Amino acid sequence: MLWKIAWRNLWRNKRRSAIILTSIVIGVIALIITDTIYMGMGNQMLYNQIGIHVGHIQIHKKGYHDNPLLEMAMNDPQIVNIFASRKDIVAYAPRILSFGLLSSSYSSSGVSIVGIDPAREKAITLIARSVTSGRYLSGNATREILISEKLAEKLEVEVGDKVVAMASRLDGSVGSEVFRVVGTYRTFNSDFDKVTIFIPIEMAARMLGMGQRISEYVLKVKRIEQTRTIRDELRLTLGSEYEVLDYKDILPMLVYQVEMFDEFMYIYYLIIGIALVFGIVNTMLMAVFERIREIGVLKAIGMPDRKIFWMVILESATLGLLGSAIGTVLGYLIYLPLSHTGIDLSMFSKSLESFGVGSVIYPVFIPRVLASVFFSIPIFAILGAIYPAIKAIRFQPVEAMRYV
Amino acid sequence: MRLLIKLAWRNIWRNRRRSIITILAVAFAVMLTVATRGLQLGTYEVNIQSVVRLYSGFLQIQRPGYQDNPTLRKSFPYTKKLRSILDSQALITGYAPRVYADALISYRDNSYGTMLVGIDLERERKISNLLKKIRQGREPESGRGNEILIGEKLLKNLNAQIGDSIIVLVQGFDGFLRDSFCKITGTFRMGSDEFDRTVILMPIHTLQELLGLENRVSVIAISLEKLDHLEPAKKSLQKALTPLNLNVLTWDEVMPSFKQSIELDNIGGILFLAILVIVVAFGILNTVLMSVTERFREFGIILALGMPQRKLVTLVAFEILFLVFIGISAGNLLGGLVNWYIIHHPIEFSGEFAAIYEEYGFLPIMTSTLKLHIFVNTTLSVLAAAFVASLYPLRKVAKLEPLKGIRYT
Chain U
751 MLWKIAWRNL WRNKRRSAII LTSIVIGVIA LIITDTIYMG MGNQMLYNQI
801 GIHVGHIQIH KKGYHDNPLL EMAMNDPQIV NIFASRKDIV AYAPRILSFG
851 LLSSSYSSSG VSIVGIDPAR EKAITLIARS VTSGRYLSGN ATREILISEK
901 LAEKLEVEVG DKVVAMASRL DGSVGSEVFR VVGTYRTFNS DFDKVTIFIP
951 IEMAARMLGM GQRISEYVLK VKRIEQTRTI RDELRLTLGS EYEVLDYKDI
1001 LPMLVYQVEM FDEFMYIYYL IIGIALVFGI VNTMLMAVFE RIREIGVLKA
1051 IGMPDRKIFW MVILESATLG LLGSAIGTVL GYLIYLPLSH TGIDLSMFSK
1101 SLESFGVGSV IYPVFIPRVL ASVFFSIPIF AILGAIYPAI KAIRFQPVEA
1151 MRYV
Chain Z
5 MRLLIKLAWR NIWRNRRRSI ITILAVAFAV MLTVATRGLQ LGTYEVNIQS
55 VVRLYSGFLQ IQRPGYQDNP TLRKSFPYTK KLRSILDSQA LITGYAPRVY
105 ADALISYRDN SYGTMLVGID LERERKISNL LKKIRQGREP ESGRGNEILI
155 GEKLLKNLNA QIGDSIIVLV QGFDGFLRDS FCKITGTFRM GSDEFDRTVI
205 LMPIHTLQEL LGLENRVSVI AISLEKLDHL EPAKKSLQKA LTPLNLNVLT
255 WDEVMPSFKQ SIELDNIGGI LFLAILVIVV AFGILNTVLM SVTERFREFG
305 IILALGMPQR KLVTLVAFEI LFLVFIGISA GNLLGGLVNW YIIHHPIEFS
355 GEFAAIYEEY GFLPIMTSTL KLHIFVNTTL SVLAAAFVAS LYPLRKVAKL
405 EPLKGIRYT
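Chains as they are written, first to last, in our numbering: chain U, 751 to 1154; chain Z, 5 to 413.
Same shape as in the complex, but just chain Z (with noise of 0.2 Å):
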């Protein structure tokens, strides 16, 4: 065996030109394929992160068919006991109780339809980044008067100055439409357009009073420490809260068309991949095959000689083995420090490119990932496409002829 190997690494470096090239191909498609893997999943991670702290939190807490069909009287009563669960559970680190409810405003001969949200700021603060986003102006207080966040987009719109106020039309619970008036004390920007139009942040107990919901919420959004945590804990608090007749909800459902744009990009980049890796499968089948009928003299010799079949096929796998691995190697390693790089030095966008980022509630930012998985994957895959690839040139060997060998030009 030991003599095998030698062969086969004495073997691969009498075409030293060939050799290099078969393993600069395979490296390059293993650097290509760690480089855009890492760059996929390390984007998704942030962007994940970013839209969970942002918007849906962790997991949410709502009525059975509210997630269908979002309307106040599928809101639910924010008790004492509810929060006592919710304080015992121990992967939980923080909640907030929401209220969403649609509104029309108008603000002199403007208006237009929005969704008002309501937010305890204490708790909020604590579990997401809403808060974060104020660009100007203060945060609303309760109790005093309906003060109100909104965004950028909307103050200008509506051709309004913060301190103005507007009225804010809504059907309440019990279904009769209310209105009043509404104090903006600033505004904010998530990035996101169609949010920054659309949405009012006030302070919860103000919305409760607009709309008569008294204690009640749409849905309590809940954030963990890391995504790891979310199976763990959502089973456990599901169980707590199944007798209140309460659904637990994971971030990928309460958006899934957010889950599914990572998803389809995410498949797009893997079926490139995977082309990427059958053309350079057809290049190692190539090399190989090359290599092989090149010696078919040689080898007819070495059977001549009385050296079994077996033996040689064996020397010849490792030759092929000894190349991919080589060229797997230097791939993972250039691919790694590319990923190392990106994570170091994030690729900012600006410009069209961050608007249309923004536009699909992506963050304008790419980085990368070390995720072990990556390698492993990336390896597993060109050393599965190598395989099928020496098949043929293997199977020639093993079905060659001494006499035939000899004479084969």
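Isolated chain U (complex conformation) (with noise of 0.2 Å):
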């Protein structure tokens, strides 16, 4: 009944119902469009990092995060048994992980040497889909490298040149080897193409002196969410020998953002719906100020002032939903383009690959923003309504209905 009065009332004064939904539903939009984008923009940061070398979970021996040493390597090939048997793994690949100097005939680079198999690599990263020119590493024992565009550019060498690698061995002593480019690459991260080179492991493990020892596994899960709950069973399967972490224990500061994404998100709902709040204030007060003798009228008849109380928050309650509704659709609609074009922000590429995002922001709708616009947008349109409500209840029923 409270309702269906509240519904009609609504639509006595349709343009000034549709003028106040129509900011509703603008804020809506805004909120929905702006939500997208930076939840897109963490999930990139997240997922390029993922993507380009962290990977899901790594392994290592304990303590190699904290002092990444040569000797801090693990030499048990068994191990890869226990990654093969899992149904939730689906990939994992070794790595041999130092830091060096590659040298042209004319210019050097400290450099971040990474020796991958590149077979398992390409099913975990991105950097096989990432090479520009050339091609990717062929094989495990080949003397090739894969360098970025950027570092090519620096040491002013193109694909077919050979360059040579130095680096400390496991024994201390330097050593060297020479390398063909095969192929550049380019991620969406500046920082990191700057200073990482691929070559085969087996060459890595010839040049630092490695054996078959090797510095990490890292891992591709089947479901990202189920990442936490395998880090913590491999713990108990690999025991103390080993460290098991997850993207979320290597890259804290970037998840962290992406949370931080999240709380500015509800600061932004909290100031378009303390400007949305002034016009419902308004638009309520003006529609129980209208209907003052009819609401003196319904007192008079016996209506307690609970019911006239609650009619005058429903009106307001059914604005913002139905605001919050058709900005959703709306929203959503100009979403969908959006989210399979991108947004391109190639003016701040240069800004936006040093974050590693990338320059084409792809929004991204998930359940949590929905739950956001209807839980907040419907309580501001409520909280607006409470003066204007208790202003409707203070009417004597004899006054009101004389008011003109």
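None of these hints come from the bench; they were simulated from the model. Among the hints, erroneous ones may be present.
Simulated DEER-style distance windows between Cβ atoms [as the list claims (entries may be wrong)]:
1. Z:Asp197 / U:Arg1118: 26 to 36 Å
2. U:Ser923 / Z:Arg148: 25 to 35 Å
3. Z:Ala359 / U:Met1097: 27 to 37 Å
4. Z:Ala278 / U:Arg758: 29 to 39 Å
5. Z:Ala308 / U:Ile1116: 56 to 66 Å
6. U:Tyr1006 / Z:His377: 49 to 59 Å
7. U:Glu899 / Z:Glu257: 17 to 27 Å
8. Z:Ala359 / U:Pro1054: 51 to 61 Å
9. Z:Ala359 / U:Ile832: 28 to 38 Å
10. U:Glu908 / Z:Phe391: 51 to 61 Å
11. Z:Ile274 / U:Leu876: 27 to 37 Å
12. Z:Arg18 / U:Tyr1006: 46 to 56 Å
13. U:Tyr1006 / Z:Glu49: 45 to 55 Å
14. Z:Phe329 / U:Glu899: 31 to 41 Å
With a straight-line Cα cutoff of 30 Å, these simulated DSS-like cross-link-like pairs (lysine-lysine) come out [to be verified]:
15. Z:Lys160 / U:Lys944
16. Z:Lys136 / U:Lys944
17. Z:Lys157 / U:Lys944
18. Z:Lys78 / U:Lys900
19. Z:Lys263 / U:Lys944
20. Z:Lys230 / Z:Lys243
21. Z:Lys137 / U:Lys944
As the structure is a prediction and not an experimental result, all values here were calculated from the model. No residue lacks a Cβ here, since even glycine has one placed at the ideal position from N, Cα and C.
Now that you have both chains on their own, put them together as the hints suggest.
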């Protein structure tokens, strides 16, 4: 009954309701677009890092993460059987990691050397797909090297040229090997590109004197939500000799930052909500004053204050809900094409690359966005109606009926 | 006209409650805009100042092509002639030559790729804060063997102590690899994780000798009194240096990604405020429309009595103007107070929040500014929004026929 009255009241002054509805709709659309863009940006930052290098889970000898030394190496080839036996791990790859100096005949650069098993690495990271000229590494023991476009430019080398890599060996002496550049790559993360080079794992082992030892295993899990559970289970299986870290352990800053985006969004909702409240208070006040005589009559024939209060609140809540619904539908319609084409921010791409995002942002709509809108906007509408509703029950019936 | 103004003023207080709420909405938007813009612009300026003083200098002299491909081969001689040109420039308050070179360093079993930065300690002291960031130990001296300063994080990563010697492997100017021992005399902490992990500071003569560079340098960093001098100083210096085939770059050309992250943040802020203003504009539209339609009978009678329609429209326009103006003034005042408070009590972050800021090379601090253009721009944009919002109600008044008005219910 109250709902019905509220609903009909809403349409007695169509223009007024339409205008306040429009402002709610615009607020909601803006919130949805902003929220999905930030979600997309956060996800891209995280997934790019995971996809470029970090993977879902990394396994090292205990203490390696704090102090990544060559001698903190693992020498247990049987360990892969554990990964292979689990259905929730879709791929694993061994790596040898070190720092070194890469020189061409013109110039040299400090680099982070990554020795990979090209076939296995391909199943986990995006490097194979990020090759921009030449090709990806072809085998485990070839003298091939994959460097970034940036580094190639700096060293003034092209695909086919020779470079010399140098690094400390496990025994402390300096090892060096000649490599041929077979390809260049480019990722969304310019800081990563600046320093990272890829060589076949067996060449890395030979150059660094590692024998059968490797620095880390990187794993890809079937569903990213399971990462934590798998990490904990692997910790139990592998025992205290190894450290098992997931991407949240390895990229704590980034994970925290993505969470911070979420918190910023709540402030956005709050501010837009407050701005809407002013409009809603005004509209509902007008709606109440316009009907003073009518409310007086309702009171005189015995309608309890409580019901009159709720009648006003419900009218406003309906506005809020309706506005949220229309806004969400329209916002989603705007979001849909954007999520396919992405939003090109290439004018800021340098900065986005150093954030590791990439210059095209693909907004992401998650259920949380829907929940945020439907949880916040109707509540602001109700808050905005409280003062007008109190006004409505404060009238004396007789005075109200005489009001002109 | 005076009568109209008087009428308009009285009209807005006929429905006091509604007017106050509208004023509050406008004031809220204006205050928030002024405070947000102040916070953004003030924080950018502090960051630019600090980054410029720490890393790039306000201006930098480079050989053409060095920015895209910073190698030793793009270095240039630091000559007496160059110095006399720099000394004669009025706006330049100081300058310091620097050499940058990549190197592999090793200590016991650990080796890292690092960047060697050769600095002229005396000159650097005058233009940058680099040497103020020493945490432990002392400054390196030239001529006393190869003394170096390294980042706190690098020292920790190397597992070394102050006083230890490390092996530095570099590719010299001639292309040959050279190695030599360098002694750690102290550590520094700049705040930027990347910098503290990879940079080694040393006297410029030591590095030039190590690389066989003779008197060549990679860049010359230049300091100015303030950011406003950037463009004139660049123009006049570039003119003098063009014959020497040298480029003058501003800090944002040297650090494009830093500049762009500021711009990205800036645009994000502006977009958000634009949305806020639009939402508030709809609030204004609603109020004005209501107050107008509510008085259609009254307007009808006035028109019937012979008031020109033009004047009636002016009357309503004045009402809107009063409302918006009071709102804008109150908002500017409150926003200004907020900014003033923040300038005197800057917001400092700590913990993880601070760490994120430092990771991207920003100071973990937020401050504000009272620059006039913030108030002017905010006022103009809210006025523009209010203008657009009142077009429809004003049109309704302009089209009102007296008889229809009188009969309007």
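Results for each hint:
1. For Asp197 of chain Z and Arg1118 of chain U, the Cβ-Cβ distance of about 31 Å falls inside the hinted range of 26 to 36 Å, so the restraint holds.
2. Between Ser923 of chain U and Arg148 of chain Z the CB atoms are about 29 Å apart, so this pair conforms to the stated range of 25 to 35 Å.
3. Under the hint 27 to 37 Å, the C-beta atoms of Ala359 of chain Z and Met1097 of chain U, about 29 Å apart, fit the expected range.
4. Checking the proposed 29 to 39 Å range against Ala278 of chain Z and Arg758 of chain U shows it holds: the Cβ atoms sit about 36 Å from each other.
5. Take Ala308 of chain Z and Ile1116 of chain U: their Cβ atoms lie about 59 Å apart, and the range 56 to 66 Å holds.
6. A hinted range of 49 to 59 Å for the beta carbons of Tyr1006 of chain U and His377 of chain Z is inconsistent with their spacing of about 35 Å.
7. Checked against the hint of 17 to 27 Å, the C-beta distance between Glu899 of chain U and Glu257 of chain Z comes to roughly 21 Å, which is consistent with it.
8. The given range of 51 to 61 Å is respected by Ala359 of chain Z and Pro1054 of chain U, whose C-beta atoms sit roughly 57 Å from each other.
9. Between Ala359 of chain Z and Ile832 of chain U the Cβ separation comes to about 34 Å, which falls inside the hinted range of 28 to 38 Å.
10. The hint said 51 to 61 Å for the Cβ distance between Glu908 of chain U and Phe391 of chain Z, and at roughly 59 Å that hint holds.
11. Remark: the range hint 27 to 37 Å for Ile274 of chain Z to Leu876 of chain U is upheld by a beta-carbon distance near 33 Å.
12. One distance hint, 46 to 56 Å for the beta-carbon pair Arg18 of chain Z and Tyr1006 of chain U, holds here, with the actual separation near 54 Å.
13. About 27 Å separates the C-beta atoms of Tyr1006 of chain U and Glu49 of chain Z, a value inconsistent with the hinted range of 45 to 55 Å.
14. For Phe329 of chain Z and Glu899 of chain U, the Cβ-Cβ distance of about 56 Å falls outside the hinted range of 31 to 41 Å, so the restraint is violated.
15. The hinted pair formed by Lys160 of chain Z and Lys944 of chain U meets the criterion: a straight-line CA distance of about 23 Å does not exceed 30 Å.
16. In summary, the hint linking Lys136 of chain Z to Lys944 of chain U is supported, as the alpha carbons are separated by about 29 Å, within the 30 Å threshold.
17. Restraint check for Lys157 of chain Z and Lys944 of chain U: satisfied, since their Cα atoms lie roughly 20 Å apart, inside the 30 Å limit.
18. The hinted pair formed by Lys78 of chain Z and Lys900 of chain U meets the criterion: a straight-line CA distance of about 17 Å does not exceed 30 Å.
19. Our distance criterion of 30 Å between C-alpha atoms is met by Lys263 of chain Z and Lys944 of chain U, whose separation comes to about 19 Å.
20. A hinted pair counts as satisfied when its Cα atoms are at most 30 Å apart, and Lys230 of chain Z with Lys243 of chain Z qualifies at roughly 21 Å.
21. The straight-line distance between the Cα atoms of Lys137 of chain Z and Lys944 of chain U is roughly 26 Å, inside the 30 Å bound, and the hint therefore holds.
In this structure, the earlier hints numbered 6, 13, 14 are contradicted, and the remaining ones agree with it.
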